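Each residue of the sequence shown is one higher than the last, beginning at 29 in my numbering.
Derived by calculation from the structure, the hints in this document are not laboratory data. Certain hints may be false.
Unchecked claim - Here are the simulated lysine to aspartate or glutamate pairs, EDC-like style, with alpha carbons at most 16 Å apart: (1) K373 - E256; (2) K373 - E352; (3) K344 - E47; (4) K291 - E145; (5) K225 - E256; (6) K225 - E249; (7) K291 - E352; (8) K373 - E307; (9) K225 - E366; (10) K225 - E145.
All figures in this text were calculated on a predicted structure; none of them were measured in a lab.
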Amino acid sequence: MTQSLNALFSPETNPHPAELHPFSLLCDALFFYTLPGETEAQGCMTGYTPVHLADEEQARFQSLARELKGHEAEFHGGLLASLSAGQGDRDEASAGSLASSLRSGQSPAATPETTGEALWKAMLLLKLAEMFREEEREIAQGFLAISGKEAELFAAIRGEETGDEGEDEEEEAQALRELAAATTPGGPAINLTRLAKAWGHLYLRDAKAAEFPLLVTTQAELQGVLAEAYETLAGRPPIQLVSLTLPAQRANAEDGTLAEQFKSATGAARGNFNRLLLEIAASGTLSAGRLEELQGAGNELNRATLPFLKDCPTEKTLRFYAYEGASLVELFAGFCNETRTATAKATGLLAVLS
């Protein structure tokens with residue numbers, strides 16, 4: 029029986045379904061992290077909490093998360109000051125003290141940081157990132173609404189002048205929508221390296237981490253972060269394996285329809301490609317012959333995908349990287365300055381969507 033290709037999304041928690049959809053075309057099951065107290069989605073795309081807290085601790089985390097609402101920038105600034113202080117005088121204030129300081133305005137007292145405290149900081153930073161992304165989505169929706177009104181106004185004006193410019197009107201409206209989507213104002217940015225490290229603290233405590241041979245991301249910078257960790261560990265850069273071209277989900281399409289049709293039409297090519305990926309992940313070495321075989325399977329899958337790219341407004345590129353002889357757990361352990369005993373040799377895989 030063919031083993032399923034299960035992938036884990038990184039480095040964000042509770043991502044928007046649109047971010048996950050392209051990965052669902054290839055993967056049999058897709059997982060992502062949720063934070064304590066959040067709803068866990070089920071189905072092909074499954075969210076779960078990798079670190080379980082006692083009821084009292086979970087209630088405390090949710091309380092702190094609520095305190096962040098409306099004070100995101102202030103908390104972010106205080107947390108950055110804590111994390112970027114010099115080693116000799118680093119402010120190791122707990123997440124609870126940082127949140128409490130938002131109410132009192134007082135500087136948090138310095139206390140020794142524990143492993144649990146580092147985890148709390150990581151979870152609150154990830155929660156903060158969720159809030160920033162949600163705020164950006166709301167702003168983007170507002171811009172789209174405005175662009176829609178502008179398009180209607182332009183159509184009305186042009187309708188008074190001539191009645192045969194319907195196609196131009198539609199192109200103008202689409203251009204406005206694309207412009208609004210592309211110019212989403214950015215909120216206070218959380219450094220990707222810091223975000224990946226916070227996510228890594230959860231990953232290293234996830235009992236299921238070893239079950240995911242493939243890590244997937246929409247953040248191209250994550251490849252650079254893991255490449256540095258791999259070069260430190262192995263003394264060489266990761267190997268770029270292959271690129272796939274995938275269709276994007278149409279805005280008016282039903283959820284899951286494209287994925288079902290794609291998997292049905294590309295079954296043989298997709299199954300062969302996934303099998304080779306899993307074999308590479310389970311091996312500590314990558315031979316030239318196996319790499320050539322995977323690239324051939326990738327070309328076959330790209331040919332099978334061509335009918336789905338016709339009349340498709342947008343398409344996505346999925347690039348695969350291999351960290352030969354190093355598991356993803358080893359890479360994140362080195363990146364997060366934690367110790368992990370190396371087990372059987374494996375090859376970590378990362379897929380970057382752009």
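Quick rundown of the hints versus the structure:
no.: 1; hint: K373 - E256; verdict: violated (19 Å)
no.: 2; hint: K373 - E352; verdict: holds (9 Å)
no.: 3; hint: K344 - E47; verdict: holds (11 Å)
no.: 4; hint: K291 - E145; verdict: violated (44 Å)
no.: 5; hint: K225 - E256; verdict: holds (13 Å)
no.: 6; hint: K225 - E249; verdict: holds (13 Å)
no.: 7; hint: K291 - E352; verdict: violated (29 Å)
no.: 8; hint: K373 - E307; verdict: holds (13 Å)
no.: 9; hint: K225 - E366; verdict: holds (11 Å)
no.: 10; hint: K225 - E145; verdict: holds (14 Å)
The earlier numbered hints that this structure contradicts are 1, 4 and 7.
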